[in-house]
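Sequences and hints are given; from them, build the entire structure.
Respectively, the protein sequence lines represent chains A and B.
Take 1 as the starting number for the first sequence in my numbering and just add one per residue.
Take 154 as the starting number for the second sequence in my numbering and just add one per residue.
Worth flagging that the hints you see were computed from the coordinates, not collected in a lab.
The beta-carbon is built from N, C-alpha and C at its ideal position, and this holds for glycine as well.
Worth double-checking, as some hints may not be accurate.
Calculated cross-link-like contacts (lysine-lysine; reagent style DSS-like; alpha-carbon spacing at most 30 Å) [claimed, not checked]: (1) B:721 with A:83; (2) B:602 with B:835; (3) B:421 with B:679; (4) B:721 with B:540; (5) A:147 with B:791; (6) B:421 with B:636; (7) B:421 with B:835; (8) B:326 with B:349; (9) A:147 with B:738; (10) A:119 with B:791; (11) B:679 with B:835; (12) B:326 with B:540.
Pair by pair, the computed Cβ-Cβ distance ranges are [to be verified]: (13) A:5 with B:755: 51 to 57 Å; (14) B:464 with A:1: 55 to 61 Å; (15) B:610 with A:122: 45 to 51 Å.
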Amino acid sequence: MPRYTLQVDGRAEQVDADADMPLLYALRDNLGLHNPHFGCGLAQCGACTVHLDGEPTRSCVTPMGAVGTRQVTTLAGLGTEEKPHPVQAAYVEEAVPQCGYCINGWIMTAAAFLKKTPKPTDAEIREAMTGLKCRCGTHMAILRAIKRAAAMG
Amino acid sequence: MNTQDFSLSRRTLLQTTGALVIAFNAGGVGTALAQAAGAVKPPLHPTEMDSWIAIAPDGSVTIFFGKIDGGQGTDVAIAQIVAEEMDISVSRINVIMGDTALTCNQGGASGSTGVAQGGAALRQAGAEARRMLVERAAIAWGVAPERLSVNDGVITIAGDPRSMTCAALIGGKYFNDKIAWNNQYGNALGLTAKAKPKTPDQYRVVGTSAPRADVRGKVFAYRPYVTDIKVEGMLHGRMIRPENASSVPVAVDEASIRHIPGAQVVHKNDFLGVVAPKEWDAIRAARDLKVTWSAPVDVFPGDAGIYDHLRASTVTKRQVTTDKGAVEAAFAGAARIVEAEYEWPYQSHASMAGGCAIADVRGDRATVWTGTQKPHYAAEGAAAILKLPLENVHGIWVQGPGSYGRNDAGDALMDACVLSQTLGRPVRVQYMRHEGTGWDPKGPPSVHKARAALDAAGNMIALEFTSRGMSRNDTDTNESEPKDTLAGQLLGMTGERLVNFGSPEGAYEFPVARIAWETVPTLLAKASPLRTTHLRDPIGPQVHFGSESFMDEVAEAAGVDPIEFRLKFITRPRDVAALKAVAEKAGWKPGPAGTRRGRRGDIVTGQGVAYASRGGTIVAMIAEVEVNMRTGQVYARKFTVAQDCGLVINPGTMRTVIEGNVVQGLSRTLHEEVKFDRRGVKSVDWLTYPILDITEAPETVDIVLLDHPEIPPTGAGEATIRILAAAVSNAVFEATGKRIRRGPLTPERVRGALA
Ligand code: FES
Ligand code: FES
Numbered sequence: 001m002p003r004y005t006l007q008v009d010g011r012a013e014q015v016d017a018d019a020d021m022p023l024l025y026a027l028r029d030n031l032g033l034h035n036p037h038f039g040c041g042l043a044q045c046g047a048c049t050v051h052l053d054g055e056p057t058r059s060c061v062t063p064m065g066a067v068g069t070r071q072v073t074t075l076a077g078l079g080t081e082e083k084p085h086p087v088q089a090a091y092v093e094e095a096v097p098q099c100g101y102c103i104n105g106w107i108m109t110a111a112a113f114l115k116k117t118p119k120p121t122d123a124e125i126r127e128a129m130t131g132l133k134c135r136c137g138t139h140m141a142i143l144r145a146i147k148r149a150a151a152m153g
Numbered sequence: 154m155n156t157q158d159f160s161l162s163r164r165t166l167l168q169t170t171g172a173l174v175i176a177f178n179a180g181g182v183g184t185a186l187a188q189a190a191g192a193v194k195p196p197l198h199p200t201e202m203d204s205w206i207a208i209a210p211d212g213s214v215t216i217f218f219g220k221i222d223g224g225q226g227t228d229v230a231i232a233q234i235v236a237e238e239m240d241i242s243v244s245r246i247n248v249i250m251g252d253t254a255l256t257c258n259q260g261g262a263s264g265s266t267g268v269a270q271g272g273a274a275l276r277q278a279g280a281e282a283r284r285m286l287v288e289r290a291a292i293a294w295g296v297a298p299e300r301l302s303v304n305d306g307v308i309t310i311a312g313d314p315r316s317m318t319c320a321a322l323i324g325g326k327y328f329n330d331k332i333a334w335n336n337q338y339g340n341a342l343g344l345t346a347k348a349k350p351k352t353p354d355q356y357r358v359v360g361t362s363a364p365r366a367d368v369r370g371k372v373f374a375y376r377p378y379v380t381d382i383k384v385e386g387m388l389h390g391r392m393i394r395p396e397n398a399s400s401v402p403v404a405v406d407e408a409s410i411r412h413i414p415g416a417q418v419v420h421k422n423d424f425l426g427v428v429a430p431k432e433w434d435a436i437r438a439a440r441d442l443k444v445t446w447s448a449p450v451d452v453f454p455g456d457a458g459i460y461d462h463l464r465a466s467t468v469t470k471r472q473v474t475t476d477k478g479a480v481e482a483a484f485a486g487a488a489r490i491v492e493a494e495y496e497w498p499y500q501s502h503a504s505m506a507g508g509c510a511i512a513d514v515r516g517d518r519a520t521v522w523t524g525t526q527k528p529h530y531a532a533e534g535a536a537a538i539l540k541l542p543l544e545n546v547h548g549i550w551v552q553g554p555g556s557y558g559r560n561d562a563g564d565a566l567m568d569a570c571v572l573s574q575t576l577g578r579p580v581r582v583q584y585m586r587h588e589g590t591g592w593d594p595k596g597p598p599s600v601h602k603a604r605a606a607l608d609a610a611g612n613m614i615a616l617e618f619t620s621r622g623m624s625r626n627d628t629d630t631n632e633s634e635p636k637d638t639l640a641g642q643l644l645g646m647t648g649e650r651l652v653n654f655g656s657p658e659g660a661y662e663f664p665v666a667r668i669a670w671e672t673v674p675t676l677l678a679k680a681s682p683l684r685t686t687h688l689r690d691p692i693g694p695q696v697h698f699g700s701e702s703f704m705d706e707v708a709e710a711a712g713v714d715p716i717e718f719r720l721k722f723i724t725r726p727r728d729v730a731a732l733k734a735v736a737e738k739a740g741w742k743p744g745p746a747g748t749r750r751g752r753r754g755d756i757v758t759g760q761g762v763a764y765a766s767r768g769g770t771i772v773a774m775i776a777e778v779e780v781n782m783r784t785g786q787v788y789a790r791k792f793t794v795a796q797d798c799g800l801v802i803n804p805g806t807m808r809t810v811i812e813g814n815v816v817q818g819l820s821r822t823l824h825e826e827v828k829f830d831r832r833g834v835k836s837v838d839w840l841t842y843p844i845l846d847i848t849e850a851p852e853t854v855d856i857v858l859l860d861h862p863e864i865p866p867t868g869a870g871e872a873t874i875r876i877l878a879a880a881v882s883n884a885v886f887e888a889t890g891k892r893i894r895r896g897p898l899t900p901e902r903v904r905g906a907l908a
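Shown next as structure tokens:
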């Protein structure tokens, strides 16, 4: 079984895993992280989203063998209560999450999107977020929060 | 890190933030108690004040709430209610929820009763706690209690410089005092204080938008979900489900997973699961296990055939809920009869993830972690399937992927129990996506037959409305009996099933009407992927899709404005006010059908209204839609909602709850239908069971909260969703002139109607 060195939220972590095991299980099971979440395992929902070198990536379908030396950033690594990412700060302000199980997909995707498109229109935000799922239906608050985060700069 | 450490460090961290805290208690009883060592807590019982409220030496107050909150803010409302009665700041209050060792069974999250019933009990407990504190201070000082007042936990005497904090008085000690209760566990649990709770004109905390306690932990990823719970020595479990619903395993080739480290099969009767120490290995084992299944049988009519099946089936139960006046005579003498029939499909909870639970069964004791809405009942179910006394089972609720009724959380718990007891190890079960959509208990399908008699002047002189569907709780929602779960049924446990449906709710006073519901037999009695149960606002959306669409159809036939038509049959002032408020806010242009229609190229627009009540809560809604005449695509641009649920505890959370109802309701209206053929369910992921995408979210949800502080709160979790399908469908009619009587309103279906 190969050994991988993963760069997760600024730390180097050793993981023994088969090359075809999805990154999600390395993060959750091997490293015991409480995020991201398993939602579908099919790249259809976003609950497992992390950044790989800043790109939102669905870890449930990213094999360990394909991660390489890229930096893995999880929601916990994006920002903290003391130093929140603007999208996290906006999420708190708008009290977005209901169950919050979908949160990794939306926040990680929005954070990367706002970096590329700092002053988006409503239509651009919707287009960038398309495909992500939120079963509780917090979409209205999500849209408000992303606009608020954009305004924070 | 084990869960106990996690729980402790989490609590410490949260408490230092000074915010309202939800304690997770993932580690068990001890961690949650702030009380002094040595003192013995009175037994957990509704009559013990200490079962409800504890005051710590630092003056913080812990509430033990026997329901749960999954992110809708019920816990904040409870904290506000108790803060109000105790005269303490809401920021000093912690709410512990859903731990069976720490909270009395108040029924879990159920039927929008969180504030209406759960809050009512805690209001009494809060008032009584204040009374007891004041009484003790009065005795200590030797003054009359009437002279004392409490301000953020500090007790003072009128015209006397002395003061005392509640913390100094009782902090870290137990009340050791009693409160009266009504001898009913569950939603109905009621308490009666000797103290008189405050009157609404005295409220300062109730009615404000106090912040929710769970948001930060979710946003900064430190609040554990049930999926995150780890127990020393835990195995990961996965269940094996047949492709064809009727099939049972006849042979299992254990050698087929021998190559997977530590993988094991658990096969008992028709119950079949695998476990492995590593999660990915459990998933592989489930994927690779070779199973010979019994030959499939055609057990379902298929999704296209379900409505004819409902119409043709024998009725198992019929209940007439309204029977007023001479119905037959009115129809016989009618100048005109309007008739229509509406159809609603099976829908899935399709929670963000499939059910997950952890069971740690050791000898004659068990601890279970569950995301269910009803942890106390689920613990009873666990005890039953494990054949253990209830007092030996500790149930701990931890936030799960959202649930909207009786989803698959309870099934996952039973599976985990069986696996753990069989193997003698703690087991975590996580359902895969195909189980989350394919095997959860479903919202029932139905047909609704309506007819109205009109006189020569176009007045509706009689109404008949009959709903027919699968039972709304064939799978009982309490999860307290194994017979209501997949594991129980696969192990051969059977028992009586509940048979219920329901009728529209509202303040309509029809002079002559017969309103009834009927149920038909379930399709497959054992371990069916089409089991029916409560899905948010059980039967509400389907029944009102029928009844409120039909009100529009009759208004149209009578040539009357649909709001004006409804108001002919409503006299209750609050209901009238809700309809008028929504019309005003939405800029409703009065007039018969066609008045609110617009067109720009391929896009036609229209407004539609719907109204109902739910357990005392009144809701009226206007939907504004755009329909693409070429593609059949419906875009619901704007919703205006007027809601009256009596006293509003927290307007901020109320608004987000209404928004969530609107979006989820729109999803169910436009997209959701469980697909199945004659042998099994074919909706197994987000492609085969699509939900609303953010590109389809409305632009605006305008909310009018009709606050009635003088009227006790009646619950807001589900009222809005019941009328959304009708409002949208009425708007689609207004825009297109075509009536769509089968949900969901997919582009294909709308195109078909326009063709
Ligand atoms: S869990 Fe990865 S996209 Fe759903
Ligand atoms: S908040 Fe529950 S799924 Fe998004």
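Taking the hints in turn, this is what the structure says about them:
1. B:721 with A:83: 58 Å, violated
2. B:602 with B:835: This hinted pair holds, its Cα atoms lying about 28 Å apart.
3. B:421 with B:679: 15 Å, holds
4. B:721 with B:540: Distance ~58 Å between residue 721 of chain B and residue 540 of chain B Cα, so the pair is violated.
5. A:147 with B:791: 19 Å, holds
6. B:421 with B:636: Distance ~16 Å between residue 421 of chain B and residue 636 of chain B Cα, so the pair holds.
7. B:421 with B:835: 26 Å, holds
8. B:326 with B:349: Distance ~24 Å between residue 326 of chain B and residue 349 of chain B Cα, so the pair holds.
9. A:147 with B:738: This hinted pair holds, its Cα atoms lying about 25 Å apart.
10. A:119 with B:791: 24 Å, holds
11. B:679 with B:835: 18 Å, holds
12. B:326 with B:540: Cα-Cα ~37 Å, so violated.
13. A:5 with B:755: 51 to 57 Å: Holds, at about 56 Å.
14. B:464 with A:1: 55 to 61 Å: Cβ of residue 464 of chain B to Cβ of residue 1 of chain A: about 59 Å, so the range 55 to 61 Å holds.
15. B:610 with A:122: 45 to 51 Å: 48 Å, holds
In this structure, the hints that do not hold are numbers 1, 4, 12, in rising order.
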